[in-house]
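Those protein sequence lines, which keep their order, are chains L and H.
Per the numbering used here, numbering through the first sequence is continuous, rising by one, with the last residue being 706.
Per the numbering used here, numbering through the second sequence is continuous, rising by one, with the last residue being 706.
Among the hints, erroneous ones may be present.
Pairs involving identical chains hold if they fit within one copy or between any two copies, as the list cannot separate such chains.
As the list claims (entries may be wrong) - Quick list of in silico lysine-lysine cross-link-like pairs, BS3-like style, CA-CA up to 30 angstroms:
(1) Lys483 with Lys704
(2) Lys664 with Lys483
(3) Lys421 with Lys661
(4) Lys679 with Lys475
(5) Lys661 with Lys704
(6) Lys661 with Lys572
(7) Lys475 with Lys652
(8) Lys431 with Lys609
(9) Lys483 with Lys652
(10) Lys483 with Lys679
(11) Lys679 with Lys643
(12) Lys609 with Lys670
(13) Lys450 with Lys704
It is worth saying that the hints were derived from the structure and are not from the lab.
Bear in mind that the values here come from a model prediction, so they are computed numbers and not experimental data.
So you can see what is in the structure, the chains are spelled out below.
Number of protein chains: 2
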Amino acid sequence: MELPGVVTEGSQLTHYEGTEKLLEIWFEPLRHRNGDIHGQGTPDLKVIPRERLVELMKLVHCEIVSEKCRDEHHAYVLSESSMFLSKERFILKTCGTTTLLSAIEPILKLAKDFCGFTFKTVFYSRKNFFRPELQEVPHRNFEDEVHYLDTLFDCGAAYMLGRINGDCWHLYTLDICNGQNQPDQTLEILMTQLDPSIMKHFKDTTGRKAADVTKASGIADLLPDCQIDDFLFEPCGYSMNGLLPKDGYMTIHVTPEEEYSYVSFETNIELEDYGDLVNKVLTTFNPGKCVMTLFASKTAKCGTSMKALSETFLDKYRRHDRQFSQFQTYDLTFATYIRDKKV
Amino acid sequence: MELPGVVTEGSQLTHYEGTEKLLEIWFEPLRHRNGDIHGQGTPDLKVIPRERLVELMKLVHCEIVSEKCRDEHHAYVLSESSMFLSKERFILKTCGTTTLLSAIEPILKLAKDFCGFTFKTVFYSRKNFFRPELQEVPHRNFEDEVHYLDTLFDCGAAYMLGRINGDCWHLYTLDICNGQNQPDQTLEILMTQLDPSIMKHFKDTTGRKAADVTKASGIADLLPDCQIDDFLFEPCGYSMNGLLPKDGYMTIHVTPEEEYSYVSFETNIELEDYGDLVNKVLTTFNPGKCVMTLFASKTAKCGTSMKALSETFLDKYRRHDRQFSQFQTYDLTFATYIRDKKV
């Protein structure tokens, strides 16, 4: 299979875009004006038949390569990143030159048809690509993505955090006051310029076992009580989903090639402070640069995201940017860091 | 004189871009490595000869229409907005289709030649234009402006606050850790969709006195101990500079036409909290929407800008967005508000 996102010049690989597009949609039952539930079906996204998910992945140009269930959620490792389904939450994260936005209309329809669901809130986000010109339309620039999303949603709000002439991160969400009523938090750490001695774990993978890499790299020790579904790509590359209790998850994706090395870490684990976890992740991967985002809903255990993202790692990293944004039912801290040359 | 920025279709005025471009440069004496002052000249921007400022304004496509001095600074009302010179600070704010960026290289050279100065920090900012396509290159989009600024400065950092698909505000500044070592703060309130009954003060100006408009509109009462230089344009439009003690200033510019009404308020007055002043400005102009920014340097009296911009006006206005950004020697609060329809 020729992987999307791989550019071949002659027979030489020249680029793989590890940078993911990330979609998270929260659903709720469609209701009549009097509050009665209107929709048909079982109000749980996990009832959507697997073959429908396979079709959905085809639209995005990727496929399911592994899957694991735990209590309240299903996690899928994809040929390009991951998908998570819990009762009311759908997460799709895809890298390469996948066309993630083409999944939105179909998933809204599947959720309506099988679960009687309508969307409650939506997040689409991504870091700036290494090579945007290699993406499919409308993913080549964020303005085009926003234009498409605005055709689907009435109250979309699009933001650019970080630097126009440097590392930045794009977000599209909905500006609605009843968007989220439960505790929720998401931490993402998007790392570049990774330590080649660490990236060796994820290269020359032929004949090796994913579980060994998960252990040797330190990934297995990042979070306790985590059921891991890990996958090694050939000749290089690594993905893992970790299922935590309730609908908790973590997910890591590694593009180890030095020219465009990229590692993403994401979790929704409920903590009061994320400083120690961030420190552990940075120590595990030792990136030259990273973009960090923490979303916290108004009822999240951690309080505001700025307070909860304590900078326990300033002995090794210098803060480049930090921005705190307040939305209707979430707040967000965005920050970028650069490894201190003295370390 | 045909004003730049005025589009005529047949003989009908169709648009005037009130939205200003704003440049603020702080200077300091050029020094040898041993700390000795290197530059020639008097270290005070006010020694730059007036005819050189007149030439500078020609490059930007505007001209000086009025001027006033107080102790430590000179304030100029321009055909398009304002200019302020104090010992080490240069501020140029121009609207219409002026080409503000073309003033940067010349002012850096004037400051070097006459004052032995080099720049300490730079801020270029503006709200999104009503009609960007009517601007001169490179002002049609912020990316082009950033590209130009990056040819002048090594460590520029460019940001977009607010919404890509709504009201936003652009900032270019320098990422240097010794950028500002003294207390400094700047509040801007950029208002649109203004109350037509208030805008009447600034229309049909022929034969009227600026001082009467300043008084009748309530502008005279906004800040105490303010020496005012006000100017009425014909057939409509208003500008004022207010000189406060030391190098304090306020400046207001009004484009009253209903189709593209715009009022800007800016001051560097030192306060502990800006809530009451903001409330007074909003009451004076009653805008439908506004963008607010407050910069505070690390040694500013008000502490962090977010704390200092208390929202005393949430009985009349709904917060649309709020973002807090931390730079090396300043922090910034950006917020947008919409007038509550119930009021």
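Structure-based check of each hint:
1. Only between protomers do Lys483 and Lys704 lie at most 30 angstroms apart by alpha-carbon distance; the minimum there is 25 angstroms, versus 45 angstroms within a single protomer.
2. In this assembly of identical chains, the alpha carbons of Lys664 and Lys483 lie at most 30 angstroms apart only when taken from the same copy (21 angstroms versus 43 angstroms across copies).
3. In this assembly of identical chains, Lys421 and Lys661 lie within 30 angstroms of each other by CA distance neither inside one copy nor across copies; the values are 36 angstroms within and 52 angstroms between.
4. Proximity of Lys679 and Lys475 under a CA criterion of 30 angstroms is satisfied in neither setting, with 48 angstroms inside one chain copy and 39 angstroms between copies.
5. Proximity of Lys661 to Lys704 under the C-alpha cut-off of 30 angstroms is restricted to the inter-copy arrangement: shortest distance 25 angstroms between copies versus 38 angstroms within a copy.
6. In this assembly of identical chains, the alpha carbons of Lys661 and Lys572 never lie at most 30 angstroms apart, being 42 angstroms within a copy and 52 angstroms across copies at closest.
7. For a Cα distance limit of 30 angstroms, the shortest separation of Lys475 from Lys652 qualifies neither inside one copy, at 41 angstroms, nor across copies, at 37 angstroms.
8. Taking identical chains as interchangeable, the C-alpha atoms of Lys431 and Lys609 lie at most 30 angstroms apart only when both belong to the same chain, with a minimum of 14 angstroms there against 68 angstroms between chains.
9. For the identical chains of this complex, Lys483 and Lys652 are inter-copy neighbours only, at 27 angstroms across copies versus 34 angstroms inside a copy, given an alpha-carbon limit of 30 angstroms.
10. In this assembly of identical chains, Lys483 and Lys679 lie within 30 angstroms of each other by CA distance solely across copies; the values are 28 angstroms between and 40 angstroms within a copy.
11. For the homomeric pair Lys679 and Lys643, the shortest alpha-carbon distance inside one copy (12 angstroms) is at most 30 angstroms, but the shortest distance between copies (46 angstroms) is not.
12. For the homomeric pair Lys609 and Lys670, the shortest alpha-carbon distance inside one copy (25 angstroms) is at most 30 angstroms, but the shortest distance between copies (37 angstroms) is not.
13. When the C-alpha separation of Lys450 and Lys704 is checked against a cutoff of 30 angstroms, the pair qualifies neither within a copy, at 45 angstroms, nor between copies, at 37 angstroms.
Violated hints, listed in ascending order, are 3, 4, 6, 7 and 13; each of the other numbered hints is respected by the structure.
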